[in-house]
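For reference, the chains in residue letters:
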Amino acid sequence: MDLEVSAADQEFRTEARDWLVRHVPAEPLPSLETAEGFAAHREWEHRLSADRWSVVSWPEEYGGRGASLLQWLLFEEEYYAAGAPGRVGQNGINLLAPTLFEHGTAAQRARILGPMARGEVIWAQAWSEPEAGSDLASLRSTAVRTDGGWLLNGQKTWSSRAAFADRAFGLFRSHPDTARPHQGLSYLMFPLDAPGVTVRPLGRLDGKPAFAELFLDDVFVPDADVLGEPGQGWRVAMSTAGNERGLTLRSPGRFTAAAERLAALWREAPGAADPALAARVADALIGARAYQLFTYANASRLAAGGSIGAESSLNKVFWSELDIALHETALDLLGPYGMLADDADEAPAHGSWAEGYTFSLAGPVYAGTNEIQRDIVAERLLGLPKGRR
Amino acid sequence: MRFLLTDEQREFARTLDGMLGASGTPAVVRAWAAGEQKPGRELWARVAAADVFALAVPERHRGVGPLPVELALSFVELGRHAVPGPLVETVAAAAFLERLGEEAGAGVWLPRIAAGDAVVSLCAGAPYALDADAADAVLVVQGDTVRRTDTHGPVQPSLDPARRLARPLGGTVVARGPAVTAAAAHAVEVARLATAAQSLGLGRALLAATVSHAERRTQFQVPIGSFQAVKHRLADTLIGLEFAQPLVYAAALALAAGAPSAGREVAAAKVAAGEAGYAAARTALQLHGALGYTEELDLSLWIRKARPLRDAWGTPADCRARVLAG
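Chains as they are written, first to last, in my numbering: chain A, -3 to 385; chain B, 242 to 567.
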């Protein structure tokens, strides 16, 4: 058992750090949840990809560096420690791409991954529907067979970044009359500017148009844009869901960097003298370190041939609650300044915590609510009997 | 980086778990609480035979250590089985004596500790020595002075009856000066690590017992483990323990390497494992209901340990302050 970084991994980390020092914008980019910020972040994705830093864990042929899981973790730590911009391409890179690597055809990978890595095509996830949130299998939008493809109809909602994104991936009911709701679904990809698609931006809790509703009216999807076997969409999608809750979406680097920022705030903030707040700062540091170490252990297990299963539900509950506690503590330390939105003139002087706080509040809701995750932990990891929800 | 236990380490823990599981520890705990030390000393000898104390003693003093990772693993198992006695205090005393050297009698005491022949309690920064009535010697650190004694005041009833607390009295000064302060600071870190590991093992045992109870116990015609409120509390208990565990191992690695971050890492592990173990006890009590509130059920022996372990060798407040100090 050791926590030592090998010389080769250290070299990789140093190269990343040096690149970030030279390239991270001096001024923060505008929020990626606005049209202006989206464009600026798309440009940032392009700069990352020019030196193959946008998708370090992918094979070189798709623009990556073939980095190991541990190297990816080290890269993420450097990325967030450097204060680099949020990743506008994350839905595609973290959620769709792993599914393409696992279930996609060679032709799909060749066509889709390059533009994704370069920020030319930004993807949105179109899973949720008004009647299907955490109970995803109850979705109603349909895919009906037609010549050379499928016709999509229905409504998707709460689709992050779909207001500005280029394409979306989602699940559709393609084979009605199956015995169970998980069966007869297909995983399809479609352009958000295709005929029949209406995108209606939906303000998030902070008012930013970070969400959208998608209305689909006879939208044609060619067979080439079906991911995996038609009718097997649930199985295909679940590999994506594990990624979302598990390592890739919320890498520890985010929280270690945020906890360090919080500790720096505490040293200077008006509320620093309050011992109760000091204890919460300490708990944020401890929680971020625990999450980092837990991830190192998981990465070691995967490198040794293990697989990620229901453990990703432990992860999801832990980081989502850590994120909220961390941001609430920051707002409390700021006292009267904690009320300032990030676009307030004086907000940057206090470290701009508002958007992070609002986003943290969504953590226990998305990617399967924490109630669902606790059920999974109790039933699959502790072996407790299934029961009424 | 390979942040996973080795096969040898797993096997060592499994063997210790098997031995302790066959040792009838509840009866030993009850006897220890009553001041009857014979079963406890017999168990102590078996723990020593498994090399647990030797892990804290260097080879030149007939030990096999110091090996903080293996020591932490051992204490997870000692906690899992609620083994009584000044286990933490003895390994902390070993770390203290090893740092201080011959002046304090390392050559005399360390081989005896490694072999299980000496039960030593270390008292540093606390008013009471643990199990002074059962110890062959008590080392008392005050400022830059350490004295050794075998006399003590009356045993004070405590929240965990198996933790017998008494004020150490008298004794002779064996060392004085900055070396004592430094050795004591190191010993406190070893004690914190071992206590954190014990909390983790205790919490694991409490969770396992409670899950098993929730599967068997029926109310309203169904197992209580099928109720979402029960499931979620158990899930949270598991999450607390699962995320405390890597902190304990990382702290052990930092201590083994003599890393500058060791004090901070150990303090973080102590907070997380202490709180997780205590939360497991609260969950166990709540989900066992009135059954869990009785002294007759062996579970009570585990429940009563959780709070003192959380607070011994650095309260959560002390340890959080240490984390913030960097």
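Bear in mind the hints are in silico, worked out from the structure with no lab data behind them.
Positions of the beta carbon are idealized from the N, C-alpha and C atoms, including for glycine.
A couple of the hints might just be wrong.
Quick look at which bits of chain A chain B covers, simulated, 3 or more residues with Cβ under 8 Å [what the hints assert, rightly or not]:
hint, segment
1, 26 to 34
2, 96 to 106
3, 272 to 279
4, 295 to 301
5, 306 to 318
6, 376 to 382
Do the hints match the structure? See the list:
no.	hint	result
1	26 to 34	violated (count 0)
2	96 to 106	violated (count 0)
3	272 to 279	holds (count 5)
4	295 to 301	holds (count 5)
5	306 to 318	holds (count 3)
6	376 to 382	holds (count 6)
When each numbered hint is compared with the structure, violations occur for hints 1, 2.
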